[in-house]
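Asker: Take a look at the letters that make up each chain.
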Amino acid sequence: MEINRNLEARLDELNPRNRDLLKFLLTEIENGSYQNYIEEKIRTEVRELVAEEIKL
Amino acid sequence: MILQSIQLKNFRQYYGDQELTFAQGDKNITIIFGVNGQGKTGIFRALMFALYGSTHIQQDNTEETVHLVNLRRLEENNGSLVTGFVKVTFSHKNKKYEISRQLKAVKNNSKIQERFDRVELFITDENGNYSPTPINDPQEVKRIMSSVLNEDIKDFFLFDAEKIDTLAKTNSQVKKEVKSAILRLLQIDNVDKAQEILKRLYTKENSNIVSNSKNIDISTKNNEIYAEKIKRESNIELKDQIEENLRNCKMQIEKYNLQLSQNAEIKLIQDKLHEQENQFITLEGRISDKKREVYRIILQKSPFLLLKSSFVNVSNYLDQILSQQENIVPIEVIDKSLSTKVCACCNNNLNQHLDNLNYIESLKNNYKRSLMGSFTSSIKNMIIDQSNSYEENDKFINLLLKDFRELNKAKDLILTQMEQTKIEIGNKAKSQIDMSKIESMIQQSKYDSDQMHLQIAKLKVEIDNSEEKIGLLEKTLEKMMTENENLKYDAKVLEILGSLKDDLKGISEVFSTEMRESLKESTTEIFKTLIDSKDRNLVKNIEINNKFELEIIGWDNTEITQDISQGQRQIVALSFITALAKVAAGGANTISFPLFMDTPFGRISGKNRDHLIENIPGLTSQWILLLTDTELTTNEERSFKSTNRLGKWYRLNQQELYHTIIEEVSLSDTIATRGM
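From first to last, the protein sequence lines are chains A and B. Per my numbering, the very first residue in the first sequence carries number 1; after that it's consecutive. Per my numbering, the very first residue in the second sequence carries number 57; after that it's consecutive.
By construction, these hints were calculated from the structure, which means they are not laboratory data. In this text, all values refer to a predicted model and were calculated from it rather than measured experimentally. For each residue, glycine too, the CB sits at the ideal point set by N, CA and C. Take the hints with a grain of salt, since some may be wrong.
[Said to hold, decoys possible] Residues from chain A shown here face chain B by an in silico Cβ test under 7 angstroms; the list is partial:
{"#": "1", "residue": "Leu7"}
{"#": "2", "residue": "Leu14"}
{"#": "3", "residue": "Leu25"}
{"#": "4", "residue": "Leu26"}
{"#": "5", "residue": "Thr27"}
{"#": "6", "residue": "Gly32"}
{"#": "7", "residue": "Ile38"}
{"#": "8", "residue": "Glu39"}
[As the list claims (entries may be wrong)] Listing some non-contacts, in silico: residues in chain B with all C-beta distances to chain A over 12 angstroms:
{"#": "9", "residue": "Lys149"}
{"#": "10", "residue": "Gln332"}
{"#": "11", "residue": "Ile337"}
{"#": "12", "residue": "Gln507"}
{"#": "13", "residue": "Glu518"}
{"#": "14", "residue": "Leu528"}
{"#": "15", "residue": "Ser564"}
{"#": "16", "residue": "Phe567"}
{"#": "17", "residue": "Met571"}
Excised from the complex, chain B in its bound form (with noise of 0.2 angstroms):
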């Protein structure tokens, strides 16, 4: 499919007539450039409204009405009806395709009422051919486009950002979306609708012919078969009910296992607890250590340090008392000079002399004071000691409190941590259940499982006999039918088609695994094209297992589909899409459809859109991408031309509301806004 151009007339932000073509052949990305709100959007919708009769897109919520007529063209025909148009024209298979759908809306003050109009799908065969009546019966539109592109499998091929977004989700909506767009797209699904009509028309055959023969040996066979059959039905149910509870039982054992983990979890938590019992403890030791330290210093220093300013006057009156004793006589010289009556130090007659004597006298009674010199002299190199080491221990005493302080702190902090701790473990708690219990549970749910693969085993076993049974009883009964002379035609007919449906089982499961196998390889090959260097080496393979579900590998061999980032989730996204669609056309270098992407690059790194923006173009037949402004700066506007693939470019020019014109840009032209 090579989408051509699109027409557009009043819809959604398009008043009046609008047209753009898209690029192909070697130059095959066009670029339709608009900031938000100026209907880049409006152009996607128009292509799956033409196309597929589409009124909601992938990020609508359907129960609401979205309005695809011109709103500005509405409110100037107030009353009356306006007609929204829109015509796409593309080719496949050498068929050129021409398919429009209109509109018609009123709005009567502020109710708009709007209702599908007609469809007109003109085709040109490869011959040049052209039917001049339209085909406007809607079911056979549909019919046709589903042979062309398949609705179920073209929002992989044309989708907006929520797609993408979705497509890199891996819940079980997704799961099947991707497993019916394997199965649709590689026409697995046929296959296996082909299985049913065989089965189907051989055993309607098988009735007819037993009835017609009327014969005794035949019935028998046949009812043989009849009940080989059903037992075999009535296993296979049974097979697939154990199966369903082989899932259920596997989604319990992860449940438990979930909550095992939590608990684990509360393990982890009530070792940090610990850890901070044991940090408290310390703690406490240090403070107590730090206490006992400077109630020591205090005791020994304190009163020195309190007394800074009465030892200033005592030193004072030490030093007045000291050198008043300065002058004192030794007592040998006092006490000769008043037993002898002459002074020892002048030989003045005492007795002449009343005031020497009296000195003298004076003299002999200061001698006690002369006794608490050596007392004084120490008390006052006491005092000098302690001042001259005042300011050490009144820093030391300081430092001391500080320490104090700070481990107060440290065990304050310490007892806030563990409060909260513990009210952490009580919250998880609250959702727990005996952890013993859960762990019995899961040992129960691990017999159970076990033992359903038993049966599912032993069942497989007795559908396989049953089949081959049924095969070997209806070969007895082709061969009686045939025979038969009367039987020998149907027996003939008979025969034909239990070998085509032969043939199309075995090559159900050979085609099955060998698509799976594709697929996978070539998800992985262009994956590792796509992302960037530094986490090619991430993901070792992209597997899709027997249910068709995606599966990412990491280096190591681990699943890791839930643990990369959204943005390389994308990438495996964008990486299946492609490789569905080349394992499709048979691998086929590129694809054959067109990749139209609506804001593809919202979560994509730099890196990342460089290498897209390099490789898609090679993968696919043609890139379609609505771009804003974040998405294309002139770093992407760099990579886009250094391409040389470009080859349309647009930007969407919102004249006034619901006014946007399409206007096509010049290659050499810049457009980007952004990263200048």
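One chain only, chain A, in its complex shape (with noise of 0.2 angstroms):
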């Protein structure tokens, strides 16, 4: 299932990064992944962003 409607515009309001990020963990919940998963994969994101931040 998509992230319901209204929350999706509240996530709008965000910056790119965080509504992106809050929108993939939320996406991965409905689609009831299981936590653990989830969590290390907002870990590596996290991670990855920073990475590619530093670098730049």
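These two chains come separately, so use the hints to put the complex back together.
Answerer: Below, the structure written as structure tokens:
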């Protein structure tokens, strides 16, 4: 299932980085993914983002 | 989700292969009509079995076995395996799904053994790509089905009559179900889960960085954060505990108030008794007056009434006397005749006419009796008077006695009523304890409740302060880490996680309030559309309170959740379901799930049925109804046809026991069997 439209509208008000990360997090939860998996994915995503930022 | 078709094979009453397709699009109503026992609920069971593997529905006792494989087929194949099968096809978000489940059963003499055999799910994606291999891992199928229509909320869209009845109740179980449906369908629970994940991730990352940094300042700051967090958690725990106590305390106050209201009932009954006692006293007074009047009248009149027969004889006798006295000669004439010895009337010499002399002497003797003439006449007159008023007196005395009897009867009745009232008071009083004791307990509970409110408010402030302090400390820690070259990278990671956490927290608060508001408005609006116009103003609002419970507010702003009729509450339940799906779909005009209802009209009045028939097709993408003959009379048939939304029309035709055929009926035909 998709993220609730009203929730999505609220997320769209955030900065693009946080918006995408939170959308990803909420979609994974909605699709019933395991919490450990979600946690790991978020950690990896954030780390990759920081690595790129530092490189820049 | 759009249901397209269902196929059944040897499932419940459906012997052999049967199939039906569901209406969709503009003509989105499907009616499956069957009298009780012909297999309507069998279709509902088939749907729930195929989509979710459910062997029981709301109305079943889950501890008892429900046989799903057709019993006729099992009987015919005694000792051999029989396959029961259901396949449902549906589409959802441009994907097509084909889900089937199969059962195997065997009957040995009178014992039936049944087991689930397999599930198969085929999905055709939005581009028409079709996987030739079905998904048959039950867990994976469950996960996919939950992503289409979550199992926790399926009962709000696909429901039997029992469900709508249950939803219309207001007990704690229903409140819990309603709350979980709101949280689930509006994804508020996902936001909570996401917050937990981020919090945990942040804490883990933070601990890792601190332990890797080997920096005393950072460790100290981290310990400070940790200590504050412990303080916050313990305050949260304490607050939760007090809130729980507060709920119990409120329940206790309600219980005491109930006892008081029962005492108030006793008071009312006592007032009734006082009134009865007053009536009794008044009646006694009237009876006493009446008694005196009866005595007086009886003493006055009854002797004459009793002497009625004697009066006739006396009267005759008096008549005789009076007639004898009619010829009496005046005394002066008699005396003169006797003194002169010459009859004053005929001049006969009495010395010569001794007979005449004797006669006049006898007249003289009779003279005494003539003195009684006037007395006799007065007795005679009295007898005449009394005889003339005899009927009247008899009537009057009878009337008096009748009044007297009736007053006594009324007194006996009041006495009986007083006895009953005393028993009533006794019964009520048995379950009561001293009223003043209850009053003091209420006062105590209210005091406790006020104290708890204060404690909670104080704890909330402390928790907020802790949150703020933790936030500041974390920022300081992040800064310290950022300033530390070795920790720059990790600090940045932590900073992002922290900002995600903060953003989500902000969204969570606004989103939850926003959803409750939308749900409240939508439920009220739909209710006003669905309810009969005469009841439209009965309900002002349908509120969703901060505990996500339904509250029905009346026209005068009082809560009337418990006071409206069961039928009206069912309309509230239907309005809520529809509103929930609409809000979940982001305020779309129609809900994106079918409403599948098994015998829903049982308690709903004729006018409300007409309103539902007129309006539900416009609110949902599909409306599938399993209706019995009392729900689909010629009136409802006319209403359905006049909507111009009727797409499919089926009749369940029982050929023999456990052998029902699904017959499609032309939309121009008549199907209703009642109300002709």
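Asker: Hint by hint, say whether it matches the structure.
Answerer: Quick rundown of the hints versus the structure:
1. Leu7: Because about 6 angstroms separates A/Leu7 from the closest Cβ in chain B, which is inside the 7 angstroms limit, the hint holds.
2. Leu14: At about 5 angstroms, which falls below the 7 angstroms cut-off, the nearest Cβ of chain B leaves the hint on A/Leu14 intact, so it holds.
3. Leu25: It holds, given that the least Cβ distance between A/Leu25 and chain B is near 5 angstroms, below 7 angstroms.
4. Leu26: Holds - the Cβ of A/Leu26 comes within 7 angstroms of chain B, reaching about 5 angstroms at its closest.
5. Thr27: For A/Thr27, the interface hint is violated, since the closest Cβ of chain B sits about 9 angstroms away, which is over 7 angstroms.
6. Gly32: A/Gly32 check passes; min Cβ-Cβ to chain B is 5 angstroms, inside 7 angstroms.
7. Ile38: 6 angstroms, holds
8. Glu39: 5 angstroms, holds
9. Lys149: 8 angstroms, violated
10. Gln332: 63 angstroms, holds
11. Ile337: It holds; B/Ile337 is separated from chain A by about 72 angstroms at its closest Cβ, greater than 12 angstroms.
12. Gln507: Nearest chain A Cβ is 38 angstroms from B/Gln507, so the label holds.
13. Glu518: It holds; B/Glu518 is separated from chain A by about 29 angstroms at its closest Cβ, greater than 12 angstroms.
14. Leu528: 21 angstroms, holds
15. Ser564: Given a closest Cβ separation of 9 angstroms, the condition is violated.
16. Phe567: Its Cβ does come within 12 angstroms of chain A, the nearest being 6 angstroms, so this is violated.
17. Met571: 7 angstroms, violated
The structure shown violates the earlier hints numbered 5, 9, 15, 16 and 17.
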